[in-house]
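Undergrad: For reference, the chains in residue letters:
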Amino acid sequence: MVFRRRSPPSGPDASGADDPFTTEALSYVDSLYGTALRLTRRAPDAEDLVQDTYLKAFRASGQFQRGTNLKAWLFTILHNTFRNMRRHDGRNPIDVDSEVVEQAEAVGVQQQNPEQLLARATLDTDLQAALDGLPEAFRQAVWLRDVEEFTYAEIAEMIGSPIGTVMSRISRGRRMLFNRLSKVKAGAA
Amino acid sequence: MTGTGGEPLRSECHQCEPLLASYLDGEAPAGDRARIETHIQSCACCRDCLARERAVHEALRARRSGLRTCASDRLKARCAAYAARTPAASASNLSPAAVRPSAIRRWAPMSVAAALVLAVAAVFGLGLTQPAQALALQTTADHVKCSRFNVPEGAADPVSTAQQWQARLGWPLHLPTSASEPPAEPGLQLRTVRRCAVTDGLVAHLLYSYQGEPLSVYVLPKRTLVDEAQFVRRFKHETVMWSQGDRTYIIVSSGKRDGLGRMIAYVRAAAY
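Protein sequence lines, in the order shown, are assigned to chains A and B. So that you can map any letter, position 179 of the first sequence is 179 in this note's numbering, and since no number is skipped, the others follow by simple counting. So that you can map any letter, position 16 of the second sequence is 16 in this note's numbering, and since no number is skipped, the others follow by simple counting.
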């Protein structure tokens, strides 16, 4: 997805309040906050991240190409801002060998019909905890696909990775999530 | 990658496995889809992998609304305020650090702590219980501190200052301009607007220079007092306060009560 600068004026007007761009952009605040919370895992950091995202978005509204996906554009800003935050904080995600994690988590998983296993009263809190326990790259990819319903191409643009990497992370992330949820179920049984 | 039984995957599985997600999500090209469908018919391991991915995918989709956490009304208001504020903010001489929203939150605990100290002093240290007296004490202490340390050189621009305020706090502050009502008060110059915490909540602290002396106007976005102006003298400072409409105003001056008369009329007319 390419966001090209358009000839002015294409951003919000001086008041901004009734501008379609502004109205649509603000309609995604819950989605952005939910995603920011999954990324940062701390509510104050998530609020900062969303505020910074909107500040940048409104300032750069002239760069948004009308007719393209505004939600995806905002999420791209959110992810770029998050990466910068992490860089400045000196906290970088630890690279995880997903195959090792996946194998380790698969140990002890019961042989059951997968649909039946998860369909039986999996709690939102279990899902939330299992998601938050995933390594960042996988958590991000699975959330963007399965909760926010972005396409692979949109996710690739947001996180700055090839589509093949996105596909692999979604796939492995889902399996890791399954293994974690299966263990929760086994523990509760 | 191993199968669920621990046996190594065949080369066909290695080719198929990375494509399972795209197959499930409907993003695989037609050729790949046909290949995957043929393979999973004969491979229990990949069929099981696909079933696990599908189970998670469907569980997440089904619980989507429960998993999402809504933004607070405060956050929504702040984000909405950026839309109105941004064009003016970029044209103003504010540094990026000055408008960085997250900086607000970093300073908030200090303001709250200062307010708590003042509140404790008001209630326990001096035995004050009346809202007006507590407000007078807190604002006078803040005025003394700010007039010594926080008065910038030169006048503040009321338009951009009001825009910044709304963007940061989410409620409007109507600062009079030279072209608006009430007419400019001789010798009155707005120097800065800062946020201040008192026991009644966050207030706007408008720091003025008035006839060469510092003067503060505090605006609280709710009614806490009566309409009639109340005067309190503390620490050689004169404080006058009242509620008007849905706001409460407090003026603190080191000048005499006579000097406050015109300022009361000015603030009542401005209605910030």
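Keep in mind the hints are simulated off the structure, nothing from the lab. Each hint should be verified, as a subset may be incorrect.
To be verified - Calculated lysine to aspartate or glutamate pairs in the EDC-like style (CA-CA distance at most 20 Å, straight line):
| id | chain 1 | residue 1 | chain 2 | residue 2 |
| --- | --- | --- | --- | --- |
| 1 | A | Lys56 | A | Asp45 |
| 2 | A | Lys183 | A | Asp132 |
| 3 | A | Lys183 | B | Glu213 |
| 4 | A | Lys183 | B | Glu58 |
| 5 | A | Lys183 | A | Glu149 |
| 6 | B | Lys76 | A | Asp126 |
| 7 | A | Lys56 | A | Asp126 |
| 8 | B | Lys76 | A | Glu24 |
| 9 | B | Lys76 | A | Asp19 |
| 10 | B | Lys76 | A | Asp30 |
Said to hold, decoys possible - Ranges between beta-carbon positions, derived for each pair:
| id | chain 1 | residue 1 | chain 2 | residue 2 | range |
| --- | --- | --- | --- | --- | --- |
| 11 | A | Pro44 | B | Arg148 | 49 to 59 Å |
| 12 | B | Pro29 | A | Thr68 | 40 to 50 Å |
| 13 | A | Pro20 | B | Ala44 | 34 to 44 Å |
| 14 | B | Ser65 | A | Ile163 | 20 to 30 Å |
| 15 | A | Arg66 | B | Gln211 | 51 to 61 Å |
| 16 | A | Asp124 | B | Ala155 | 37 to 47 Å |
Stated by the list, open to error - Examples of chain B residues lying across from chain A (beta carbon under 8 Å, computed):
| id | residue |
| --- | --- |
| 17 | Arg64 |
| 18 | Leu75 |
| 19 | Ala77 |
Here a beta-carbon is modelled for each residue, glycine too, at the ideal position from N, C-alpha and C.
Undergrad: Work down the list of hints and note, for each, if the structure agrees.
TA: Hints and how they fare:
no.	hint	verdict
1	Lys56/A <-> Asp45/A	holds (16 Å)
2	Lys183/A <-> Asp132/A	holds (15 Å)
3	Lys183/A <-> Glu213/B	violated (70 Å)
4	Lys183/A <-> Glu58/B	holds (18 Å)
5	Lys183/A <-> Glu149/A	violated (27 Å)
6	Lys76/B <-> Asp126/A	violated (28 Å)
7	Lys56/A <-> Asp126/A	violated (34 Å)
8	Lys76/B <-> Glu24/A	holds (13 Å)
9	Lys76/B <-> Asp19/A	holds (16 Å)
10	Lys76/B <-> Asp30/A	holds (9 Å)
11	Pro44/A <-> Arg148/B: 49 to 59 Å	violated (32 Å)
12	Pro29/B <-> Thr68/A: 40 to 50 Å	violated (23 Å)
13	Pro20/A <-> Ala44/B: 34 to 44 Å	violated (52 Å)
14	Ser65/B <-> Ile163/A: 20 to 30 Å	holds (28 Å)
15	Arg66/A <-> Gln211/B: 51 to 61 Å	holds (53 Å)
16	Asp124/A <-> Ala155/B: 37 to 47 Å	violated (54 Å)
17	Arg64	holds (5 Å)
18	Leu75	holds (5 Å)
19	Ala77	violated (10 Å)
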